[in-house]
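Residue strings, one per chain:
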Amino acid sequence: MSAKEKLKVLVVDDEPSILMPLEFLMRKNGYQVYIARNGTEAMESVDKERPDVVLLDIMMPDVDGYEVCRHIRGQENMNGAKVIFMSAKTKDADIKKGYDVGADLYIPKPFSTRFLMEKIKELTQS
Amino acid sequence: MNSWLVIGVSFCYLALLFALASWAERRSAAGRSLVGNPYIYALSMAVYCTAWTYYGSVGRAATTGLGYLAIYIGPTLMAPLWWVVLRKIIRICKVQRITTIADFISSRYGKNITLGSIVTIICVLGIIPYISIQLKAIASSLDILTGANEVGRSPLFGDTSFFITLGLGLFTIVYGTRHVEATERHEGMVTAIAFESLFKLVIFIVAGVFVTYGVFNGFGDIMQQATQLPDFERLMTFDNDSGFSQWFWMVVLSMLAVLFLPRQFQVAVVENVNEQHLNKAMWLFPLYLFAINIFVLPIAFGGDLLFGSAGIDADMFVLAIPLSEGQSLLALLVYLGGYSAATSMVIVATIALSVMVSNNLVMPLLVGIPAIKNRYQNQLTKLLLFSRRLGILVILLLAYLYYKGVAEHYSLVEVGLVSFAAVAQFAPAIIGGIFWKEGTKSGALAGIVVGAVLWFYTLVVPSMVGVGMLPSSILENGPLGIALLKPFELFGLQGMDYISHAMFWSMFLNVGLYIGVSLLSKQTSQERNQAEVFVDIFKYSTVFESSIVWKGTAYIPDIKSLLVNFLGEKKAEVAMKAYKRKYPEPEDESGKADPKLVTYAEKVLSGVIGSSSARIMVSSVVKEEEISIDEVLNILKESQQLISINNELRRKSMELRRATEQLRSANERLKQLDELKDEFLSTVTHELRTPLTSIRALSEILYDNPDMEREDQEHFLQTIVKESERLTRLITHVLDLERFESGKQKLNLGPVQIEEVVRESVQALEQLVQGKNVELVVDVQQNLPVINGDRDRLMQVMVNLVSNAIKFCHPEHGRIIVSGYYIDGDIKVNVVDNGKGIDPEFHKQIFDKFYQAQNQNIRKPEGSGLGLPISKKIIESHRGRIWVESELGKGAKFSFVLPVRVNVPANV
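Chains as they are written, first to last, in the working numbering: chain U, 1 to 126; chain B, 1 to 908.
If you're looking for bench data, these hints aren't it; they were derived computationally from the structure.
Among these hints, one or two may not hold up.
Which bits of chain B does chain U cover? Going by a derived footprint, with three or more residues having C-beta under 8 Å, they are [claimed, not checked]: (1) 692-700; (2) 705-718.
Using C-beta positions, here's what the derived DEER-type ranges look like [to be verified]: (3) B:E812 x U:K6: 29 to 39 Å; (4) B:Q718 x U:K96: 35 to 45 Å; (5) B:P751 x U:K96: 56 to 66 Å.
Glycine residues also receive a C-beta, built at the ideal position from the N, C-alpha and C atoms.
Excised from the complex, chain U in its bound form (with noise of 0.2 Å):
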């Protein structure tokens, strides 16, 4: 993977204080990052950024994590995109309900860093 072709990440949180850490944790990795703070944000970056990740959380303010990822699912040329929710839902419907809508992974939070960054790669590299 060449620097000109650079992964590109959206990471979609409403909290200002888990987006900052995730968009270092990105940037530092070498990632292309985009930041949406709410799933309005989200959908539209994804319609004009075309990301290769996203990193999307569920509960916001406006419209939520799952409803953004049926959009990414609904996208033609977005087949390849690979979503990862992080969620503090932790029960397993809400779980269910996350690889339902078309999620490559859902990881409960708090996670672990250096896991997501393992899952990032495991994702992007297949």
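Mind docking chain B on chain U? Use the hints.
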């Protein structure tokens, strides 16, 4: 008056009764029964007041004075005792399915056929004259009204009273023999009777008012004029010689009559739907008697004064006075009133007698003779109805003949008293039967037979002499010249009037023989069984089938076919189903009937054919074993113990059920609380995850990247500290809320000045304000009263409200106004912001903990979600109120009020 008009009106009245009765039956069929009403019950009991009362009281008052009152005083004295006597009889009849007085006596003394038949015969003999005087009253009133002359009429078909009798027979057949089960109530009939009672009372009072105030000038005037009458003094004083004994016996006689006359038994016992109705009847019935007697004396004296010795029958004064005054419409109404009094008695008495005759005379004959029984096996129901209908006609015909032959020569009261005396003969056997277990069949038989013979000899024989059927020498010299046997001076007893004399001898011997023979004779086990059940009915009536002791073998098909024979397929089916519901145990495989089924079937049959016939029928299909009295008593005792154990059990199980119910609801509450707790917990952990995620991620990055730029490092560390504070705040809030909810939070009370609280909270938030573009205005009234409260907690509320306002006010031109003032005994504080407002839909929910996170994926930014719920708890624990007023896009206004309990101005 035109006789056709009068006859036409009479039949119209009868048609009205038909209409009323069928209306009542339709209502009852539609489930809106009228007889469930205690007033209808009490009114139907007033069938006691017949033509005797309506016409005869006046006649008696005019000829013999105050004596007429005795037969109303008796029932009035008796009424309070109904709760003891009548209620017991009602209960016995319900439990044992007894439908007539004859059945009652026969049933009590071992279901004895002979006893039942004798009682029936005495009833028929005793009551036919009574019915006949009703016919006589109708006929005489018709004659008076139409001015007809009796002499010129041919008997039977030329006689209007004959046709009226037939009409009554028809009504009785239609509404009295509707169902074969005599236990089924005749709702139509009872309603019609109640109506008649009301009708006759109203008309009699109207007539009384007319005589007293229309013809004369009130009570005073009549009595004033009456004192001039030659026999006024005699009428208004007790007869010295026999007066007291006459009064005494009349009172006793009527006390017994009101209980034991077949028609009274019919309306008061058989037609009773609810024992509680007695409570009303106990005062309503005497009231009725009082009301119908108010105008008797005025009418009697009025008649005497108006007609003198003009030869008008005093019995007919009520009718004759309006007629002579030219009030023909009133006269017609009075005639109808009398007609209603007479018809109600005839109808009820005839029904009662016909059931008695069919169940206690005809049925035992039919089922007792195998040849007849086998032949008519399948038509018994029809036969039964037929015999009842025929009975009604025969009884009415006999009454008509008696009226023609005998009653025309005597006054209403004279004939009526003879009937009273006849039924009084049942008193010892019945009263003794329900209170004294030792009374035996032989005792009852001896008492009733001898009493009845004496009744016949001292009352009926003289009346036969009176109409020339027997030589008068019997009265003067005694039969065969034996002076000791003179009917009016039996065994030489003199100085009593004939009724007292007859009552004295018949009751003396009746009671004496009943007790004497009972003590000397032995009861059979069957008798003993019934005696126990009758006397202790209130102990047994709860388990109505198990109380009868029975041993033997019977087969279910036999029992079933027995029921089918008498009830018909459909009703037999219904009866068997009712039994199955009560005792749902499976049938014995061998087809043997449970003893309970046998006694149940016998009860059901008793309701149809009377208890003694039912006994015969059941015995015919059952192989019974002999059981001794000891065995009977033992089993009864056991069943009583069983009942008390059952009651105890029922009580216990009720308690248990209640406890279970309480447990369940407590459990339900706990479950709810548990669910709330679960939800709370999951929300709390959920809220904890966000700052934790941030702290972990930041720390890991700091650790993994020691070469980070200093600026970034500082920023990361700051965020970690902030997020830790957020965690701490969340934990503090959760614990606060928990303490408030569990009631562990104690307020640290003291005098609080709200001004100060507001000022300090705003100061504490100054830093937050400065970070944003917000204008904060504080406007608190000076010298607000000091309140008694927890200063720190109230600060917490203020800080929460103001910091919320700062968070949510307009991002560019934020404006917050905090105001406080005194109003209506409260201190009110408002915090107003100009933010985006809150949808009214959520105004309540925002005070619920974590409302923003519950069951939804949409979350409001910032905040622990516990600030408002805690504020609410704090304000409420100060007995205040907190709420929000807001609309979307128009800012929000949070307000709370605190009651001022210590009303002291701050600067004093």
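Hints, verified against the model:
Here's how the region 692-700 of chain B fares: 8 of its residues keep a CB closer than 8 Å to some CB of chain U, so the rule of at least three is met and the hint holds. Restraint check on the region 705-718 of chain B versus chain U: 4 residues with Cβ-Cβ distances below 8 Å, three needed, restraint holds. The hinted window of 29 to 39 Å between E812 (chain B) and K6 (chain U) holds, with their beta carbons roughly 37 Å apart. Separated by about 38 Å at the C-beta atoms, Q718 (chain B) and K96 (chain U) satisfy the suggested range of 35 to 45 Å.
For the pair P751 (chain B) and K96 (chain U), the supplied restraint of 56 to 66 Å holds, since their beta-carbon distance comes to about 58 Å.
Checked against the numbered hints given earlier, the structure satisfies every one of them.
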